[in-house]
Amino acid sequence: MEKMEIITIPDGEKKIKKSAFRWRRSLYGIIIPESVVTIEKNAFYECYNLQNIIIPDSVTNIEKYAFYGCKKLQTVTMSQNIENIGDYTFYGCKNLTGIYLPESLTSIGNYAFSWCKKITVSCPDTQKLVEAYCKKNKIKLELRPKIPMQYAETEIIPKTEIAADSEITVISDIEVKINEFTDEINLFVNFVNDAAFLGELAEIKNILEKIVISLKEEKDIENRSEKLNHFADYYFPAIKKILNAYRQIENQNIKVGSALETKQKIADSFPFIKKAFEKELEYIYKNKMLDVTTDIDVLESMFAKDGLLDTNPFEL
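For the numbering used here, add 139 to where a residue sits in the sequence shown, where the first one is 1.
Derived by calculation from the structure, the hints in this document are not laboratory data. Here the structure is a predicted model, which means the values were calculated and not measured. Beta carbons are placed, not taken as given, at the ideal position from N, Cα and C, and that holds for glycine.
Pairs of lysine-lysine, DSS-like flavour, derived with a Cα cap of 27 Å:
{"hint": "1", "residue 1": "K257", "residue 2": "K233"}
{"hint": "2", "residue 1": "K404", "residue 2": "K414"}
{"hint": "3", "residue 1": "K414", "residue 2": "K344"}
{"hint": "4", "residue 1": "K157", "residue 2": "K180"}
{"hint": "5", "residue 1": "K154", "residue 2": "K211"}
{"hint": "6", "residue 1": "K418", "residue 2": "K404"}
{"hint": "7", "residue 1": "K277", "residue 2": "K267"}
{"hint": "8", "residue 1": "K404", "residue 2": "K394"}
{"hint": "9", "residue 1": "K418", "residue 2": "K349"}
{"hint": "10", "residue 1": "K274", "residue 2": "K211"}
{"hint": "11", "residue 1": "K414", "residue 2": "K402"}
The following label-pair restraints were derived from C-beta to C-beta distances:
{"hint": "12", "residue 1": "S397", "residue 2": "I148", "range": "22 to 28 Å"}
{"hint": "13", "residue 1": "F411", "residue 2": "T321", "range": "18 to 24 Å"}
{"hint": "14", "residue 1": "W254", "residue 2": "K404", "range": "42 to 48 Å"}
{"hint": "15", "residue 1": "W162", "residue 2": "K274", "range": "32 to 38 Å"}
{"hint": "16", "residue 1": "L337", "residue 2": "N234", "range": "18 to 24 Å"}
{"hint": "17", "residue 1": "S397", "residue 2": "D196", "range": "27 to 33 Å"}
{"hint": "18", "residue 1": "K211", "residue 2": "K379", "range": "23 to 29 Å"}
{"hint": "19", "residue 1": "K379", "residue 2": "I352", "range": "21 to 27 Å"}
{"hint": "20", "residue 1": "S246", "residue 2": "E173", "range": "18 to 24 Å"}
{"hint": "21", "residue 1": "S397", "residue 2": "W254", "range": "45 to 51 Å"}
{"hint": "22", "residue 1": "L420", "residue 2": "K444", "range": "33 to 39 Å"}
{"hint": "23", "residue 1": "Y374", "residue 2": "S253", "range": "37 to 43 Å"}
{"hint": "24", "residue 1": "T245", "residue 2": "K418", "range": "41 to 47 Å"}
{"hint": "25", "residue 1": "K274", "residue 2": "T147", "range": "36 to 42 Å"}
Please build the complete structure, drawing on both the sequences and the hints.
Here is the structure:
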């Protein structure tokens, strides 16, 4: 079996050159520095085993066929300054599940996302180019806030009237933040061999899913989102920072004592991080239970007022 490789593009490079990794079946991951501005034609053409990629915000142009036929590509974190995506760029990336296309995008080439059967494209609700492109090509579209969520102020997206047969949805900004954080974890797990660490990450994802479900059921969504936004804005960036440190050590295959100690310290911190997420979930449901208790008290008072109760049937 061919050994999989993760390649780091040298810092200072301005472009990933034409056909640089074409047909490189061993390529599993690529680390792109902030110096890169352009990903040229056929750069990752039919890199079958490339699974996840982060395109830094320095990149403004991705030329045609750049990721053509990358059949195992699952997640793409897109540059928030991208201007052009060329013809057939992600054609045939049949396992690509989602991508966020920002306000900066001014050009999408023909068949850029054709035969991406699992994909949902997300964009700001003001990004009319992407919206029109997805409708024309029958691609599932999800409208999101105008500003990328890691920089956005707290706001609730107003409800938008959508045709009944449309696949467009509008979600709150905190849900976007949670989804983006979960995407970071999904990307990160590919670099972890520690079973206990993977278990903690999986449990954190499970907690986040429950928080999102709870949010969807919340009547006072604005109040709840504001509190969760504070939690996300305070903790998510710090956690991402230490995950990136762990990933960097793994990418560079650093095995000196201090690096190994740092990796272990990061892994050991996640039971405590998971506990913080559990506390946040507990807080959400505690408030829900208080609401139920209040409803019971009101119901009891109503029954008593109408002479329907001698004792409280709700007492245990």
